[in-house]
Amino acid sequence: MRDRFFRRRLVDRTVRGACLLAMLLALVPLVSVLWFVTLRGIGGLSWSFFSELPRPVGETGGGMANALLGTLELVGLACLFGIPAGVLAGIHLSTFGHSRFGRFVRFAADVMSGVPSIAVGLFVYAVVVTTSRSFSGFAGAIALAILMLPTVARTTEELLKLVPEALREAALGLGVPKWRTTLFVVLRTAAPGVVTGIMLAVARASGETAPLLFTAFNNRFWSTDPSEPMASLPVTIYAYAVSPYEDWHRQAWAAALVLVALVLVLNVLARFVVRRRWGLG
Amino acid sequence: MSEPARNPGVRLTETQDDAKDRSRPRTEKLDDARTAKMSAEGLWAFYGESPALRGIDLPIADKQVTAVIGPSGSGKSTFIRSLNRMHEVVPDARVTGRVLLDGQDIYHPEVDPVLVRRRVGMVFQRPNPFPTLSIRDNVLAGKKLDGEDVPRADELVERTLRQVALWDEVKDVLERAGTSLSVGQQQRLCIARALALEPEVLLMDEPCSALDPIATVRVEELLHELRERYAIVVVTHNMQQAARVANLTAFFYMGELVEYDRTDVVFMRPKERRTEDYITGRFG
Chain A
1 MRDRFFRRRL VDRTVRGACL LAMLLALVPL VSVLWFVTLR GIGGLSWSFF
51 SELPRPVGET GGGMANALLG TLELVGLACL FGIPAGVLAG IHLSTFGHSR
101 FGRFVRFAAD VMSGVPSIAV GLFVYAVVVT TSRSFSGFAG AIALAILMLP
151 TVARTTEELL KLVPEALREA ALGLGVPKWR TTLFVVLRTA APGVVTGIML
201 AVARASGETA PLLFTAFNNR FWSTDPSEPM ASLPVTIYAY AVSPYEDWHR
251 QAWAAALVLV ALVLVLNVLA RFVVRRRWGL G
Chain B
1001 MSEPARNPGV RLTETQDDAK DRSRPRTEKL DDARTAKMSA EGLWAFYGES
1051 PALRGIDLPI ADKQVTAVIG PSGSGKSTFI RSLNRMHEVV PDARVTGRVL
1101 LDGQDIYHPE VDPVLVRRRV GMVFQRPNPF PTLSIRDNVL AGKKLDGEDV
1151 PRADELVERT LRQVALWDEV KDVLERAGTS LSVGQQQRLC IARALALEPE
1201 VLLMDEPCSA LDPIATVRVE ELLHELRERY AIVVVTHNMQ QAARVANLTA
1251 FFYMGELVEY DRTDVVFMRP KERRTEDYIT GRFG
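Residue numbers (the working numbering), protein chains in the order written: chain A, 1 to 281; chain B, 1001 to 1284.
Think of the hints as simulated: they come from the structure by calculation, not from any bench.
Note that the coordinates shown come from a computational prediction; the quantities given were computed from them, not determined experimentally.
Treat each hint with caution, since some may be false.
[Claimed, not checked] Straight-line C-alpha distance at most 27 Å; calculated DSS-like pairs for lysine-lysine:
| hint | chain 1 | residue 1 | chain 2 | residue 2 |
| --- | --- | --- | --- | --- |
| 1 | B | K1144 | A | K161 |
| 2 | A | K178 | B | K1063 |
| 3 | B | K1171 | B | K1143 |
| 4 | A | K161 | B | K1143 |
| 5 | B | K1144 | B | K1171 |
| 6 | A | K178 | B | K1144 |
Chain A on its own, in the form it takes in the complex (with noise of 0.2 Å):
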């Protein structure tokens, strides 16, 4: 008796500890990437960071407010294709979703979110960039409007069948029209999760090099025609750092450092929208 108590308190404990441990390591790379960028971006940053367009080469100081206003207006444009298309298409998947085309359609999403963005850049490259014979900033929202389409379809999918059926059941017995119920009830109440889930495509998509490298491309001036090469953060870190300045080095870290400030800032934003609007977090 007291031995098997006394197992049972030490396989307990084994347990407990080992989660722990997992934790902590999980915790390791994040918190130290974190710090990271941190310790090393925080000295590039000033007023003139923020304000300033990048200086002729081999002259140190100069900013990245073009490619941070890029950046945000990059995201923007792809939110604004993106997230009506993906919310839509989570809630046909939702309501329709046991139809033929509903897998087809599922499935694609599937497939579509494993596509290594490089390889949606070079699409989009393909299609749009070679046909209007320009870099864009359209080219690159549309090829992060891509690579958000399918995580904000299929997170709307998954959170809307976790509204309970009853309380669809009871719009519906109040006699609310189907579609009514759909926007006002299940996607309402739905909404901090959905909107959890399009802050992580958002998030993904503003930290995206690889498909703007050959759509927005870059741009040393002011570009906030969309319909022009467009500067943007992940970029510009990108072209810095490869770069054999110490001046731009410092400069690319700062950079990270305001990009993982601004995916912040958008997270709690987000919920703090949703929380005010929608009363229950």
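Fit chain B to the supplied structure of chain A, relying on the hints for placement.
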């Protein structure tokens, strides 16, 4: 309380003797076409290929409580879900036969199920208030979710919550989430939500099965008051409950209507052997 003006579009038909019916003394006579608010005629319901109801003929009397009893799988829930076209919400579910509401077939191809559900309200087995809405908005949900403006909403909320004897308990917390209430309160909120639409028929699918005895008593008391104004159909597993709340009882078994009569007759002198066996607890 004055009768609210009904949007004529909401009604499927206008019956001339609505008013006359209301003033008539309550009869408990059966098969009186004049007191039947609804009636099922040759009603079959299917899930995929398997029938859950096999040709039900049953009138639903106005201003009476009709209990539907029977063992699990006898088609009780399917039956009442067929009365407001909620059955077809389940994938691959379908219905044949007719269900008349004030003499008009609700399964006629030109009838909009949404309008049927507005006139034939439903309360579900488990309380299902909308978690994203406040108590107040839960009461108004039927109208608000449909994009309707609700004039004098506060009045409606108070009147309806009083009707279900919930007002005194929640009047100070109307802005809290509907799901913050106890389960018994939630169920009364769900009944209020159905009543706020001024339905003519109220369907209740085992409304007390998730409730504790005290909450059950409250809902049963509520039924006694509500039957003055509505045709009510209650599905129940609990035969004592049927005996307590219903004037009329229908016994379902394996998708068929075995017996339908006044409750005291069904319980004291059932005509059918199967009814007697079920009621005396020999199976079920």
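Structure-based check of all given hints:
no.: 1; hint: B:K1144 with A:K161; in the structure: holds, 24 Å
no.: 2; hint: A:K178 with B:K1063; in the structure: violated, 30 Å
no.: 3; hint: B:K1171 with B:K1143; in the structure: holds, 20 Å
no.: 4; hint: A:K161 with B:K1143; in the structure: holds, 25 Å
no.: 5; hint: B:K1144 with B:K1171; in the structure: holds, 20 Å
no.: 6; hint: A:K178 with B:K1144; in the structure: holds, 14 Å
Taken one by one, the earlier hints fail for this structure only at number 2.
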